[in-house]
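Take a look at the letters that make up each chain.
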Amino acid sequence: MNWINNVVRPKIRSLLTTRREPPDDFWKKCPGCGQMSDRRTLEESQLVFPCCGHHDRMSADQRLKHIFDGASYTRIPVPAVPVDPLKFRDGRRYTDRLKDSKASTGLDDAVLLADGRLGGQAVTVAAQDFRFMGGSLGMAAGEAIITGMLHAVAKGHPFILFAASGGARMQEGILSLMQMPRTTIAVQKLREARLPYIVVLTDPTTGGVTASYAMLGDIQIAEPGALICFAGPRVIQQTIREQLPEGFQRAEYLFAHGMIDMVVHRHKLTETLARIVGILMAGRAKIATAAKSSDPLKHVNGHANGSPVDPKLLGTSARDAETIEVEPVPDEDRFVTQSKKGAGAKPPTKGAPNTP
Amino acid sequence: MATYLDFEKPIAELESRVAELRALTQDDESTGLSEEISKLQGRAAQLLAETYGGLNPWQKTTVARHPDRPHCLDYIDQLIERFTPLAGDRYFAEDAAIMGGIGTFRGRPVVVIGHEKGHDTETRIKHNFGMARPEGYRKAVRLMDMADRFAMPVVTLVDTAGAYPGVGAEERGQAEAIARSTDRCLSLGVPMVAVVIGEGGSGGAIAIASANRILMLEHAVYTVASPEAAASILWRDSTRAIDAATSMKITAQDLYELGVIDEIVAEPVGGAHRDKEGAVRRAGDAIAKALAAFDKMSPDEVRKQRHERFLNIGRSL
Ligand SMILES: [Zn+2]
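Just so you know, the sequences run in chain order D and U.
First residue of the first sequence: 1, per our numbering; consecutive thereafter.
First residue of the second sequence: 1, per our numbering; consecutive thereafter.
Isolated chain U (complex conformation) (with noise of 0.2 angstroms):
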């Protein structure tokens, strides 16, 4: 059963009519209803495109955040092979909101790390839905040590609506487990290539987004804030977080605008979550091309690359 987002209901409803139609004719045939179901099967693939065309910020951040979207272990399963997950910070636990471990990505040997916000109630509980703490950060820098010393790419999966604000996580110095671990992305002298597959929330993300080259999917979000926290720190008012996503350019586009993203990886008609082997296969073919480019340069010039990137953000605005 699918579950459709508040503006998709002119296409769900167009989709269940099918549906009934179709079992209608069924037992017949000859009903010649035939002709009737593929006219509205046209519409509501047209309706589809039309929306997806055109959604808005605060649509985006709905599709972002929609359950069936493909998360991070989806993309590690069909993208890496031989993949081995590792766990722990080695100082104080294992956080299950940032997977990691090493593969090997179309014959090139990674080290691969992503927000994981889980898809039922276990696994969101499992992974924290997404949301890290310290230890997950410390994690992260362990892995791009190792991605350093082994000459690895680091593929980043960024999926988060912020990191975990809690009372351990504070104890433990998640300021500074952030800091860190962007720190750490900024020094790697092997490519490291980040894609915004759901939600980039805040520095939750940039701990493992600051990357050579940072893609986006279509319809994915970054934000400085979740449009919640926004919209409480401008209005001190969460409920208006649709103002918030519309005031911030959250979207591929209009990161791509401001220089923020390299790249937008297109989503299959109607967004990730109707086609995810279709949204994770044309991420794969971004992050392979994106590899590729740095494929003849030095660590030094990797990480000249990188620090160049974002120093140039907003001098050209």
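Okay, chain D solo, but in the shape it has when bound (with noise of 0.2 angstroms):
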């Protein structure tokens, strides 16, 4: 035995070796089964392995080669942003890193930002590239996404991010935490302007970009076994100290748990999204023409269908309902319930105080 495992082995594996001389990144091993596919038919496959369908991690521009119609898209420029404000290092500089991260990737930072046609219809993208110190978001990725959603808010276009980011940018520090809410504007404008902003969670998204404008969209797909978390598994069992569920925070259990709309595979990712945004599109242009004379983007309260009530005598809140999602129902409309019906509905306030 061991003279088989010790020399007629590496003899086999030579001579195959030396006589294929493939390319060392010829094969790649499958994440999810082990096996090994090669490159050609990978890339064929938009990088679904043949094996077991894992689909493994696209870069940015891969990821808006395939989305686009017929590859075909312009880079929409992301502004300069401070480069290490807090002057920062972890054994190393992060500016070294940064250059790194340039030199390895091609890219300046983790966001792609780019115009195209989806189904023949303009939409503006934005793609996140985990290669580029794990898709972190700092400055320069918040700056790219803001950019992005203000983008598709000038043109009228909706708006499909593919995240993709290990969360906060630890090397920014509080500026990195501070795009969570900046994000979080960009994606209240795109609300106001009522253009569809889907999210493509992608494998891994987690933390600060999972905790802002990733889970925010008026849809939310996720690519088949994508880990989808705020808090790592890494992290949870650390705290927890247990054996962590069966698929826990995979896509597929986020769908379970009603966290998302669907899991879509890769090859049908472009056709959904673009039936997606062809039926949102056309259920704005629906409300355009129909309330025409003042506005209808900005005074229709929030809701498809339009509100009966005149936002200037409900004061704060009718101006408020135009950007909040926060629950299906508007208050009006739970209001007249709770009229007709009498007890039963859940109230709008809660009168009973309860003391400690």
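Read the hints as simulated data drawn from the structure, not as lab findings.
Hints are supplied without guarantee of correctness; some may be wrong.
[Claimed, not checked] For lysine to aspartate or glutamate, the following EDC-like pairs were computed, each having C-alpha atoms within a straight-line distance of at most 20 angstroms:
id	chain 1	residue 1	chain 2	residue 2
1	D	87	U	243
2	U	126	U	50
3	U	289	U	262
4	U	39	U	50
5	U	289	U	301
6	D	87	U	77
7	U	126	U	77
8	D	29	D	69
9	U	304	D	192
10	D	189	U	308
11	U	289	U	277
12	D	102	D	84
13	D	65	D	115
14	D	189	U	300
15	D	189	U	301
16	D	87	U	254
Keep in mind it's a predicted model, so treat the numbers as computed, not measured.
Each of the two chains sits in its own frame; use the hints to bring them together as a complex.
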């Protein structure tokens, strides 16, 4: 047995390798099941492994190439941000880490933006690249997301996000955390303009990215098997010191728990996105024509079918309804239900205080 | 019995010397020790002022976590009249890591929301050490809805190591709950003032801190991740928390420089835990001043100010 292992196998292996002389990265091992696939097959299948359907991580430019009609798109420039404002070093300088990431990925930072057509419809797309410092959310990525969303508002485009991120960029400290509210403001602008915001959560989407713009889409899609969470499995395991449930924090788990709308195979993604954009934009076009007179997109009170209540009468609350999607039923409708049905319906405010 | 922090050892020694001498002189006033006592007391006071005037980021982290530091409910007790706690997210549970309710603050009806850490074993468990689950953030959203409906300003008290990392919290959408709460802060048409009173930890803090004005106590810290978590991400070694605290810029003074917070609330000499009442009163004055600035603004203007405030962060560094 030892003889076979030590002498024959290496010989066979060396024969095989010398004969074929494949480049070092010709084969890729499937992270799902361990089988090997060749790069060309993988490229053709959009990095979905033929063995078990494992969806491999995609770079931002691969995303853009695959999503747009005819792989044609126009990149949207991202404004420059201050570099390394904290003068951070964690053994190495942050500026050196940035330099390395730029060199190895050919990107300026973790987010690419582009305009193009999807099923014939103009859309703006942001793609996050996990290779660039774990797709982490720093000032550059935050500014890119904001720029992309505001660009979509200016152009009247739906906005599609491909999220992939390990979360906040530690090297930018609090300025990284501030990207959570900053990007959320841009999401509110999309909402005010009634432009569809569709999020595709890809492997992995975690931390501050999940806990801000990446969970605020009108429609939330995830790729199969993607890890999607706030706190990572490692952190949770350290806290609770128990075995984590099967499939915990994977796309299918989130779907089963009502956190996302659908899990979509990468081969069906373009078609699904095009269909969703088509339906939502058709709805939007309808309200625009219905209330042509007074800036319909601003004064329909946050709901596609409009509201019979004059916003002015309600002071602040009606104006707020424009930007909030917290509950599916507008408050004024609840008042109506309540007065009609009396008790039983959920009252809008809670009277009885509980004094501890 | 006071809890002394590591760096307070010299202060603790002086203070215990004073206590000893006092005990000795109690029976006899003619020992001639009173001069010695007042000299020692003076030295202790000076040392305290000096020490607290030059705390490093890690020392501030320990002060911010001091068990005797005033917590959310201390602020509410002292500052909010007719406080009426409200509970529950109406979907799943009540989460006492985030306390909230209505009341009046210096004559003004307000909604108050804050992380409560608890002060002894029982209350710490009840409040889950101030680490909220999704229900806490959903309750915050509900209270903010109500604030808007009844035109009441929102005051938040931020004091958390971070949102709770647990299976149930993830299962019920911790990330989404935080995102919606931040979202709701930013859409409020009423003024919102956030005070970082102890630890402002990560997304769990920002969810109730995306305010028009952000105040921070002198020795509070506000971080993208707790120093321990950051160390474990950066070096895969949570024992390097001191290094992380030092390099991340987490103190009120640093954040003021970076334009992330609007005002530093001075603490009593030796930290808020040495004079809870004084610390809370100073915070109350700062909150009143911050709220007054929005008295004449329309909901649209209030919202716009908040949006611009955040969008401007980092643009002029
Ligand atoms: Zn496979």
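Hints, verified against the model:
no.	hint	verdict
1	D:87 with U:243	holds, 14 angstroms
2	U:126 with U:50	violated, 37 angstroms
3	U:289 with U:262	holds, 12 angstroms
4	U:39 with U:50	holds, 16 angstroms
5	U:289 with U:301	holds, 18 angstroms
6	D:87 with U:77	violated, 41 angstroms
7	U:126 with U:77	holds, 18 angstroms
8	D:29 with D:69	violated, 30 angstroms
9	U:304 with D:192	holds, 13 angstroms
10	D:189 with U:308	holds, 13 angstroms
11	U:289 with U:277	holds, 19 angstroms
12	D:102 with D:84	holds, 14 angstroms
13	D:65 with D:115	holds, 12 angstroms
14	D:189 with U:300	holds, 14 angstroms
15	D:189 with U:301	holds, 15 angstroms
16	D:87 with U:254	holds, 13 angstroms
When the structure is compared with the earlier hints, violations turn up for hints 2, 6, 8 and for no others.
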